[in-house]
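Peer 1: Here is what each chain is made of, one letter per residue.
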Amino acid sequence: MSWLERSTLAQALRAAVIYAVFLAYMQGMTADGRLTGDAGLSHLGLAILILIGATIIIGIILQILAMILAAIYGEEAMADLTDERDKAIERRAIEVGFTVVGCGFLAMALALWQGWGAIWAINLLLGGFVASDILVNLLKFRSYWRGA
Amino acid sequence: MPKGVITNNIRRLRFDAGEMTQKDLAEKVGVTRQTIVAIEAAKYSPSLELAFQIAAAFGVPLAEVFSWEQT
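Residue numbers (this note's numbering), protein chains in the order written: chain A, 1 to 148; chain B, 1001 to 1071.
Note that these hints are calculated values from the structure, not bench results.
Computed list of chain B residues with no C-beta within reach of chain A, every gap over 12 angstroms: (1) R1014; (2) F1015; (3) G1018; (4) M1020; (5) G1059; (6) F1066.
Sample of chain B residues at the chain A side, in silico, Cβ under 10 angstroms: (7) A1026; (8) Q1034; (9) T1035; (10) V1037; (11) A1038; (12) I1039; (13) A1041; (14) K1043; (15) P1046; (16) E1049; (17) L1050.
Quantities reported herein were computed from a predicted structural model and do not represent experimental measurements.
For glycine and all other residues, C-beta sits at the position ideal for the given N, C-alpha and C.
Construct the complete structure from the given sequences, taking the supplied hints into account.
Peer 2: This is the structure we're talking about:
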């Protein structure tokens, strides 16, 4: 498995694990009754900000670790080079990712229409972003794996 | 638009160039070895600019490296 394959797989796993932790935290907040009323929205906002921060920081740490491991094990010296094929793979994956984000947005609108409440609606939108992040990285992994 | 397939002679040209490695070719044209592998296996079609660079690396015209066949 090449450096890029491992890197994209690690990023997909990162998103899945962080979101799973976030959902568990959300479940705890729901059980505590902290997600009700205006204060509930405030708690949710803070939780989302922490989620975004954790995603960025862990993503950077994973990237650095991957580069260190690549250097230690003497993998391709050009591991940090991004060429036109990488950009094409990224572009194709992001096109699909945007569709998933759009589906999340649509689900949010439908939830609001059905009177599910703002907290559920926001979670559906957030779920769309996370699903998009995971899918983009899995699609990139698949492209690198197949050598396409 | 008619459909076709882009084929290439990179493997033969590398052989003719004294068994130039994929890594050497990648370094000459400034891409990763994986990209050369994908182009050689006809799984990725390079940009026109990269195609010209590959041809220049072998010192041959573009048509000697790549060809297009209608399917």
